[in-house]
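So you can see what is in the structure, the chains are spelled out below.
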Amino acid sequence: DAGVTQSPTHLIKTRGQHVTLRCSPISGHKSVSWYQQVLGQGPQFIFQYYEKEERGRGNFPDRFSARQFPNYSSELNVNALLLGDSALYLCASSLRGVWVTGELFFGEGSRLTVL
Amino acid sequence: AQSVTQPDIHITVSEGASLELRCNYSYGATPYLFWYVQSPGQGLQLLLKYFSGDTLVQGIKGFEAEFKRSQSSFNLRKPSVHWSDAAEYFCAVGTMEYGNKLVFGAGTILRVKS
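Residue numbers (the working numbering), protein chains in the order written: chain A, 1 to 115; chain B, 1001 to 1114.
Chain A on its own, in the form it takes in the complex (with noise of 0.2 Å):
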């Protein structure tokens, strides 16, 4: 079976731009979480979607957004692109959005550079 699958792998965009990162959870999952994760740091959470409604959302700027599609697969996007944005992004899925079904599931990642 499939595992979470992120795409891009690896991105670059210019500072002010707009990026669009995209994840797709294990079959039967229906939560999906958003982390960044910068050089050198643990992951920090973005945002929470289950069923998709937001269920959690991180100490982000607006500037930040996603959502989930009825497949499940979600959206993260940012907008006004800074240098302090560039990180590896990761997307994790679960079956539900709460803790008793389990633990979350991660893809590898979409690695931005900012430039």
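The hints are simulated quantities; they were obtained by calculation from the structure and are not laboratory data.
Careful, some of the hints might be misleading.
[Stated by the list, open to error] Capping the alpha-carbon separation at 25 Å, the derived lysine to any residue pairs in SDA-like fashion look like this: (1) A:Lys30 / B:Gln1045; (2) A:Lys13 / B:Gln1042; (3) A:Lys30 / B:Pro1040; (4) B:Lys1061 / B:Gly1028; (5) A:Lys13 / A:Glu75; (6) B:Lys1061 / A:Glu53; (7) B:Lys1049 / A:Thr14; (8) B:Lys1049 / A:Lys13; (9) B:Lys1113 / B:Ser1072; (10) B:Lys1049 / A:Glu103; (11) B:Lys1049 / A:Gly28; (12) B:Lys1061 / A:Ala2; (13) A:Lys30 / B:Gln1042; (14) A:Lys13 / B:Ala1087; (15) A:Lys13 / B:Lys1113; (16) B:Lys1061 / A:Lys13; (17) B:Lys1049 / A:Leu115; (18) B:Lys1113 / A:Gln41; (19) B:Lys1049 / A:Gly58.
All values reported here derive from a predicted model rather than from experimental measurement.
Once you've looked at the hints, dock chain B against the given chain A.
For chain B alone, kept in the frame of chain A given last:
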């Protein structure tokens, strides 16, 4: 607010030696605790988790961790390290404030010398 501290940024051990990676957490309720491993350029792989019950949990690749509520710790151990264990290790606490959000520590980079 929830937080996770991994006091060691880097650890170097000899192949075949034992390993202990430290993790301390701050969380008001009963925590859900996790250890993940990340190889360079890769995503995160779950090593083990603690939800409830036995405080000594076994994971994949021969790793184990012990939950000590009195010390707010969840240290990761392995009796004999292999060169392939070189990676970055993250401890995380699962919070209940939003679904299943994880709060991660800053990570510990493990180097294995032959």
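Against the structure, the hints come out as follows:
With a C-alpha separation of about 20 Å, the suggested pairing of Lys30 of chain A with Gln1045 of chain B holds against the 25 Å cut-off. The straight-line distance between the Cα atoms of Lys13 of chain A and Gln1042 of chain B is roughly 21 Å, inside the 25 Å bound, and the hint therefore holds. This hinted pair does not check out: Lys30 of chain A and Pro1040 of chain B have alpha carbons roughly 28 Å apart, beyond 25 Å. Proximity of Lys1061 of chain B to Gly1028 of chain B is assessed by CA-CA distance (about 31 Å); at most 25 Å being required, the pair is judged violated.
Taking the CA atoms of Lys13 of chain A and Glu75 of chain A, the gap is about 17 Å. The hint holds against a cut of 25 Å. Under the criterion of a C-alpha separation no larger than 25 Å, the hint pairing Lys1061 of chain B with Glu53 of chain A is inconsistent with the structure, at around 36 Å. Taking the CA atoms of Lys1049 of chain B and Thr14 of chain A, the gap is about 39 Å. The hint is violated against a cut of 25 Å. Distance check on the hinted pair: Lys1049 of chain B and Lys13 of chain A sit about 37 Å apart at the alpha-carbon level, beyond 25 Å; violated.
Proposed proximity of Lys1113 of chain B and Ser1072 of chain B is contradicted: the alpha carbons are some 31 Å apart, above 25 Å. Of the pairs offered as hints, the one joining Lys1049 of chain B and Glu103 of chain A holds, with about 8 Å between alpha carbons and a cut-off of 25 Å not exceeded. With a C-alpha separation of about 21 Å, the suggested pairing of Lys1049 of chain B with Gly28 of chain A holds against the 25 Å cut-off. Pair hint Lys1061 of chain B plus Ala2 of chain A holds up; C-alpha atoms about 21 Å apart against a cutoff of 25 Å.
In summary, the hint linking Lys30 of chain A to Gln1042 of chain B is supported, as the alpha carbons are separated by about 23 Å, within the 25 Å threshold. Straight-line distance between C-alpha atoms of Lys13 of chain A and Ala1087 of chain B comes to about 28 Å, which puts the hinted pair past the 25 Å bound. With a C-alpha separation of about 38 Å, the suggested pairing of Lys13 of chain A with Lys1113 of chain B is violated against the 25 Å cut-off. Proposed proximity of Lys1061 of chain B and Lys13 of chain A is contradicted: the alpha carbons are some 38 Å apart, above 25 Å.
Straight-line distance between C-alpha atoms of Lys1049 of chain B and Leu115 of chain A comes to about 38 Å, which puts the hinted pair past the 25 Å bound. Of the supplied pair hints, the one linking Lys1113 of chain B and Gln41 of chain A holds, its CA atoms being roughly 24 Å apart against a limit of 25 Å. With a CA separation close to 23 Å, the supplied pair Lys1049 of chain B and Gly58 of chain A stays within the 25 Å bound.
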